[in-house]
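Participant: If you're matching them up, the sequences are chains L and G in order.
Residue numbering for the first sequence follows UniProt numbering, starting at 1 and increasing by one per position.
Residue numbering for the second sequence follows UniProt numbering, starting at 1 and increasing by one per position.
Hints are computed from structural coordinates only; laboratory data are not their basis.
Certain hints may be false.
Taking lysine to aspartate or glutamate and the EDC-like style, the derived pairs with C-alpha atoms no more than 20 Å apart in a straight line are [unchecked claim]:
no.	chain 1	residue 1	chain 2	residue 2
1	G	K311	L	E262
2	L	K164	G	E179
3	G	K261	L	E262
Across the chosen pairs, the derived CB separations fall in these ranges [said to hold, decoys possible]:
no.	chain 1	residue 1	chain 2	residue 2	range
4	G	P57	L	Y406	53 to 61 Å
5	L	P233	G	T8	53 to 61 Å
6	L	N410	G	I237	54 to 62 Å
7	L	F421	G	Q251	36 to 44 Å
8	G	M185	L	V279	24 to 32 Å
9	L	N410	G	E59	51 to 59 Å
10	L	K212	G	G87	54 to 62 Å
11	G	D309	L	E462	40 to 48 Å
12	L	K47	G	A370	19 to 27 Å
13	L	P233	G	P57	52 to 60 Å
The structure displayed is predicted, hence computed values, not measured ones.
Even glycine gets a Cβ: it sits at the ideal position worked out from N, Cα and C.
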Amino acid sequence: MAGVRGLGLLSRLTVRQRYSLFTDASRRNFSVTSSLMARTHVNYEIKGDVAVIRINDPTSKVNTLSVHMQKEMTEIMDEIWANNAITSAVLISSKPGCFIAGADINMIQACKSTEEVTNLSQEGQKMFEKIEKSPKPVIAAINGSCLGGGLELAIACQYRVATKNKKTVLGTPEVLLGLLPGAGGTQRLPKMIGLPGAFDMMLTGRNIRSDKAKKMGLVHQLVDTLGPGLKSPEERTIEYLEEIAVDCARGIVNKKIPLAKEKSMMQKIQDYIMSYPFVRNQIYSTVQKKVMKQTKGLYPAPLKIIECVKAGMEQGLDAGYLAESQNFGKLAMTSESRALIGLYHGQVACKKNRFGVPKKDVKTLAILGAGLMGAGIAQVSVDKGINTILKDTTLEGLNRGQQQVYKGLNDKTKKKSITSFERDSTLSSLTGQLDYSGFQKADMVIEAVFEDIAIKHKVLREVEAVTSPECIFASNTSALPIKDIAAASTRPEKVVGMHYFSPVDKMQLLEIITTDKTSKDTTASAVAVGLKQGKIIIVVGDGPGFYTTRCLAPMLAEAVRVLQEGVDPKKLDSLTTGFGFPVGAATLADEVGIDVAAHVAEDLGKAFGSRFGGGDPELLKTMVEKGFKGRKSGKGCYLYQPGLKHKDVNPELEEILELYKMTPNPAVSSDSDVQYRLVSRFVNEAVLCLQEGILANPVEGDIGAVFGLGFPPCLGGPFRFVDTFGADKLVEKMRRFEEVYGNQFTPCSLLLDHAKDPSKKFHK
Amino acid sequence: ALKPLGKTLSKPGVRNVVLVEGVRTPFLQAGTTYADLMAHDLARGALQGLLNRTAFPKEAVDYIVYGTVIQEVKTSNVAREAALGAGFSDKTPAHTVTMACISSNQAMTTAVGLVASGQCDAVVAGGVEFMSDVPIRHSRKMRKMMLSLNRARTLGARLSLLGSLRLSHLVPELPAVSEFSTAEMMGHSADRLAAAFGISRLDQDEFALRSHVLAKKAQDEGLLTDIVDFKVPGKDIVSKDNGIRPSTMEQMSKLKPAFIKPHGTVTAANSSYLTDGASAVLIMSEEKALAMGYKPKAYLRDFVYVSQDPKDQLLLGPTYAIPKVLERSGLTLADIDAFEFHEAFAGQVLANLTAMESDWFAQNCMGRKAKVGAPPMEKFNLWGGSLSLGHPFAATGCRLVTMVAHRLKKEGGQYGLVAACAAGGQGHAMLVEACPQ
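Please construct the entire structure, taking both the sequences and the accompanying hints into account.
Facilitator: Here's what the structure looks like:
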């Protein structure tokens, strides 16, 4: 699978490891009457006239705003307000790397009704409003992630000090979970940083680093991180942050630090312009249009966020709070939010190594083939400090590959996420070469050579001749069964499949394929390397097309048929994106490469027979013959002109389509039918993979489909989709298509089981 | 009462290397009386001063090694230019070394190596720094255009190159003030270091004041005998350092932090300042020195160079170097009679002293079983230091070694210890042993 590009919104559903989670194991029962016990989550110490409130959830690596924590916090605030000796307070986390990572998702998920969630929101709003109006200044001292409810708490405080740590990020990621900032965030943020900035934060959910946050006016002061002194750097940095925050608290009380900031000229101008309702309305409608364009109206949360901000700005705070809490309640009950939260949980699960710790750490990795994939794998490896050998057979190929790695890192330098020095020192762990020298030190070899079993066998034999017996051989193939590749191996227990997605540095998924002979330690090693490279990992069984390619192939076959039936590529794209796919089917085919698609269609067609039929495979072959190989050749379904973003349909495609024209059956050709024809084949194949044991569980199936193939995130993946949509309804549709097209639409038996018994769900 | 002499640190089979004499020009704040000179002028002053004071026959100098940090591009081998200008023999080879603030330490230890290995008998080492004028370059774009212009053959080609001139070409490039690897200014790093060790602003100001008070006292008592007068053409003869200015704690406390604002602790008053100056020493084998009738001041014994993380431990060189050099010579901290540390920032010196007193730091950062301990203040930098005397980067090393030799003589001590930190996260320490009187 050579390329699924630009998964828009999906790509943002990323590295949020720290976002608010209690695993079941860590959720111990603390139902003991807490009034008799010392507080467990929040404590405070009085330093002279300043109360230092320390947050530390003993049951988790991160702090989350749970019911328990909120209760203790409220008690403490009441004590502080009642204590005349205290003039101000500092709010700080004792955990290195986390201030407060958000509200407890499980707390929201446990709610049964809209009203319950609305109540939660209102309690949060009230508590934060009390802090905002506190007569004694409260200073938030932020080190580590300050997200969601954590950010809402921080911006309710009078003053914010944050460390310059890379881990210190501020953000409102609620939208990525189909929710909105429900504790006053939609009301305070626009006033603090202006409408455009607030919309940007809340609608993208992106993390903002502390230096940027300072520029935006989100924090008042930055504190440097410290190295080792008389304590560990983490410990001392938190202590230092606390010292500075305490000084700030006193400064505010003594009026040495003004709370009202001198506004810059630009800000004054912006405020002046924003004072016109006309301008604000213009912004609301522009943002609304942009959201509609990007989400096709499939995601309710962004629209609700706009609604809440508007209510607060135009009708006053009370209306704003009310809109916020009610919409928060409504959103929490939507299937979209459940789907996104499901993906979040799945992603966390797929960032763990369920195969245990490998016996040997992979310190030296060798990659064969410096093409797009090989170089991409090299880039994500050196980026994480793995010594990497990149081998190609020609100097030109090697040069191109090394340039790709350099460019990938240099782009980061341009974006200032790393310095040029870091770029250079990262690159120092890459060795480019044309021979096998040094391979005896390699702990793992990943081949990314041409997809031809003979070539794969040749390099496998060459590698095994020069590497140690412990060395793992991983094949980056998108469709060739691993057991066929391993047939040439003298140590098949060391052979595994590692299917990366292109572009490797952007796509988060890694599909690892094990054969019957692959040892558990080999699998554990492959997962460990993938995790180090920052990937989300699914581990699947061996077979033609494994999981991802196998699901995509029938959908693409259907897409070809739809084209043959006279739907033009643009319409096909809008039907698929309208269903929630980030990339339309025709564009996807171009990105993957028509030649690759033809190749895969032929291989899988042979393996699976008529079930993989649909469109005429000859159509793809004809396109390839004419040189329409997709984006890479400049022509495919569309025309690609360098420098032009807009793309037109390839006029010559029409002539080919004319040759392969089929007559659509009006009974199954409405827009909605076309959408379900495409999706049901995808979903049925996914369920079949679970039925056949290619997939270990539905979670990995959902994650693989969403992160590898761009299955609509709002549907949460094929399995979540079946649960939500109803297996019976899906089967009913498929039966209708089956009548017209035959066995390509025959539901698999597992899907039928679910259709018969509505209590059967893939996700509990 | 003098304590009984300890064992000598001489090693069997290794030649004894001695410091015969050490001199320096007065250290002046950048932009003052030396402002119109060039680096090699100051270097000449120091080298000539050394020749004059020792009356050493020029032909007997086997080699010259000289340090510099910010290079004047016209005299990139400033050692050779200055030596020729100072009237040394044109038959004496000379090379220039650079290692940030320990450049002249590097020059001296290079000389020690040459003598100890028998390659040379008499080597002159030293260093110069001239901060009144630093090379400011055209921008890279402008340089590229000018170089292409050189190669352009036709008038048309030249004109088209000139036509590509943009305003942005004219923005000059200053010498880097921050670490290349971390892009952090040294003062910023020093401030973080002080914070990491919990060194307060008050402690730093007090230490800086101590440095100035002690330097003033040494100046007034005429102890700074390493200074040779320097005649500035068209101006006066300079014979005193001009940066020694004892202030009051109250005045110092008024200054705002210079790097980390608003809560930092490093200020202009508790940091070393930009300084012009040069130094030179004569290093010989003991037998040759004695044969030529000289009375050497001290033996130059074990030395080490260390390096560590340039981000969080940029200025902790002494902490890492001292335990190593003590181990090499079989001494403990208590054996040392005189300490001379380079004072880059008061906070940095105090952070080093705190680190050396910390078992946690020794165990967790240095992989040692226990702390080595910190030098007692009554033996520490008693004649002032870089904070007060000034810090011409590449000249400081020789100043430290000469000063510790002079102090050993004056105080009757046997062992002296020199330590310094340097940009790049490097450090140095050297043991100096007094010669029998």
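Participant: What hint numbers does the structure not satisfy?
Facilitator: Result: hints 1, 5, 8 and 12 break, sorted rising.
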